[in-house]
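Based on the hints, put chain Z in the right spot on chain W.
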Amino acid sequence: MLHSTAIIFTSFAYLGLLFAIAYYADQRADAGRSVINSPYVYSLSLAVYATAWTFYGSVGRAASDGVGFLPIYIGPTLIILLWWVVMRKILRIAKRNRITSLADFIASRYGKSAMLGGIVTVIAVIGILPYISLQLKAVSNSFSILVQYPGIVMPAESGALPIREDTALWVAMILAAFTIVFGTRHLDAAEHHQGMVAAIAFESLVKLLAFLAVGAFVTFGIYDGFGDLFARAAAEPSMRAMMTPFEGVAGGYANWAWLTILSMMAIMFLPRQFQVAVVENVDENHLKKAVWLFPFYMLAINVFVLPIAFGGLLRFPGGTVDADTFVLTLPMAEKQELLALLVFIGGLSAATGMVIVETIALSTMVCNDLLMPVLLRMRSLRLNERRDLTGLLLGIRRGAIVLILLLGYLYFRLAGEAYALVSIGLISFAAVAQFAPAMLGGIFWKGGTRRGALYGLIAGFGVWLYTLLLPALARSGWLPIGLLEHGPFGIELLRPLQLFGLAGLDQITHAMIWSMLANIGAYVAVSLSISPGADEHRQASLFVDVFSHTGEASGARFWRGTASAPELYHLLARFIGSEPATAAFDEFWRARGLRWPGDQLVADADLVHYVEVQLAGAIGAASARIMVASVAKEEVLTVDEVRAILDEASQVVVYSHRLEQKSRELEAATDELREANERLQELDRLKDDFVSTVTHELRTPLTSIRAFTEILLDDPDIHVEQRKKFLGILAKEAERLTRLINQVLDLAKIESGNAEWAETRVDMREVIADTLAAMDQLFREKAVRVEARLPDTVSPVTADLDRMIQVMLNLLSNAVKFSEGAKPLIEIALAEGDGCLRIDVRDNGCGIRPEDHEVVFSKFHQVGDALTGKPRGSGLGLHISRRIVERFGGRMWVESRLGSGACFSFTLPTGAGP
Amino acid sequence: MSNRKRTSQRFVALCMLGVLLFNYPILALFNVPGTLFGVPVLYAYMFIAWGALIALTALVVRADG
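From first to last, the protein sequence lines stand for chains W and Z.
One point on numbering: in this note's numbering, the residue at position 59 of the first sequence is 165, and numbering is uninterrupted.
One point on numbering: in this note's numbering, the residue at position 3 of the second sequence is 9, and numbering is uninterrupted.
The following block holds chain W by itself, in its conformation from the complex (with noise of 0.2 Å):
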């Protein structure tokens, strides 16, 4: 059944599948109806990290040193972690930069560096060639086995065969082909391949599906499951020895945690990863559940790597069998035809995927930071007056494609066959992990300069080149063996394996190391020892400070000069074509209230900036800037001018926060200074109130004494009877006068503090008796009976005597007044506790209502004002009880409800009185 003709025109399926649905992808984003924008699509194209490396390698790698395949993915697990510090801060500058690739960012970072764009790009193509011929070197040889069924043979050495027999190149070729229609059928200002993203998201689920189900066979079907595979695998002393891989290992942990440390870097700065990660997102947001998705991911599609290594092991001892095939002869021995072309194409889709992004990321920066820059300076080919660049973009880009390509097919034939697929991907890691330095520094570093930047990179990647290329290809036999084992012209010192005698750690860290030494070092001291220039300044502070910088035009401060509006128009359309221009302009002017081409709008440095961004999104930031540059003439700025603005900028800002601080200190000496007079307001309307309401109450008694005075006066044949009367009226209303006058006088030096308080040891029991005793014929009068409940001793309490009579009368006279009704009663309790005393004054009149009982507390209310319409006091007694007790430190209140008699109560400390 597994004819090649049937594998073949399955894959062609496969492929025109995945055609159709980038298609579909491309159709919705045209109309609007992004089917990317979604945190799953997002975290699925993330997953482009699995590649065949994941699918077959990783098998491989287990098979032969049991744990070795997991730090390649607990590391972006880790570091993804922070992606929601460094990520975030990346995306926002690739935003607001239009970054369009790795290269873009790092020229575009270091003053818009058209030699740095071109080393970056350099070091990303030739690090990158070893992973792809691996791409290159999975699928041919998953497909020469998958022929051979049903038979189980390993594919003969690549380069026994002429190269037109050579299934790796046709590969190659048939891959490019449907790259470039899938990446460069049009340009787009900002990069994005929707298409090819829905494209990449559905290779990751196939490629998942497919080895989750080779697992569970493998697991459940020829196995009896975990235990049943693990304890038949610990039989093999071989295998038991990969059960506790770190043991007897020389430098065992330090290669884990390098390759974890790689990896980090990885799937950060690979140059496909930071195409699905920065440049494809649609929205910030998408990281939120990419952060722990993304990991599941990988979670998931390694749960059955260490069991498919195993069966494989346990399956075909003796080592006839590649382990990296595993994944695909497994199946095949068993006569699962079905499931082998499922692994096939899974393994099919994690190398399409991979190639498919990786060459578009570095087809982008070939054209955008290595070949445009050139050919914009060679005034011999007259670029700039062409009037439509586009077609040369997508030539250069397409071009790029297949030279890739096939450079990752040439590396495939010359160093391909001597490593197994993991160490071969490892290189590429090691490679990019050289970006790191100059990326990480420069979002976080302002210090770090352009050429602190390239001569990092440059003694990195030259350590790199030193370490693990030039090894691949000795062993491969295209370099003598000998400069391995002794060295360059027999100096032991530089042996590329043991480079300055570092021995014992596998080649990856031992390369690491030493790279990153190189890198760092270099960036670091170059960075620190010669100063930058003024543009890099001012991208060392828009990227490192993104976040503070508000707005796309915060660039266009630095920008001095002269420009029209017309040219900078046909720069524009020239190279993303004159209908998206035309947009890009009608944009900027339509935000300014005006319409394009219509209103005249002076060219500013806001449009120059906004022009350069927008070339910068086809052409990478290197090349917009000579672009713009060649069509408006800029006054070049100082170092020390760039300097200025940017202190300027940043003392407007100190400035700025300064008045803040300054308006809210303001605010709140306002806010005190409202309060205070608003309490001088009250108090003075209490002084108001105080005087109308002693005024009044004055003048009532007044006004009847000489009413009653007149009439004696006026009319001397009064009847002695009556005239005793009205004298009887005179004598009580002098005599209210004479008390309010009393009260008043009393409150006013209470108030004033200039009340002299006697403090002696008082009994509150003798002050009861005593009242009693002095009101017994007001009682008698009223006809009230009082009863007084009186323990037989208490505490002393420290008092004035005479205040606490006064306090009593004051609280018997009230209860006296309102008892009203058929039988008066008041109830005096006494009781001592909680280290006070507590006397209760009950009545039973009318009682009070719950609103009125704070208030009958207050100065000069009258609560029987409401009840009966006449005043039945002064209103000022309970307040100056109340003022009283307080002073004693005691506390006085009323509780009562209406119609069932009122009960006030106060307290008075037994303790030590102030």
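Keep in mind the hints are simulated off the structure, nothing from the lab.
Each residue gets a CB set at the ideal place from its N, CA and C atoms; glycine is no exception.
You may find that some hints are simply not true.
[What the hints assert, rightly or not] The calculated label-pair distances, taken between Cβ atoms and stated as ranges, are:
#1 Q15/Z <-> P586/W: 48 to 56 Å
#2 P145/W <-> Q15/Z: 19 to 27 Å
#3 P343/W <-> L65/Z: 40 to 48 Å
#4 P145/W <-> G44/Z: 33 to 41 Å
Okay, now just chain Z, sitting in the frame of chain W:
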């Protein structure tokens, strides 16, 4: 402390935890013969710790809202 800042710090703390869990000397504790649920101890530990780390990450994200 703003919500965003707290979330960032939680992520950094989780990362540190992960670096501890997947390095010497913690790894050495599990580099022993024997099985857990039928799986060699070291591998069982790695996948459990890995899964726990992912679950914690999801929790932190959810708490951020």
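What are the numbers of the hints the structure violates, in ascending order?
-> none
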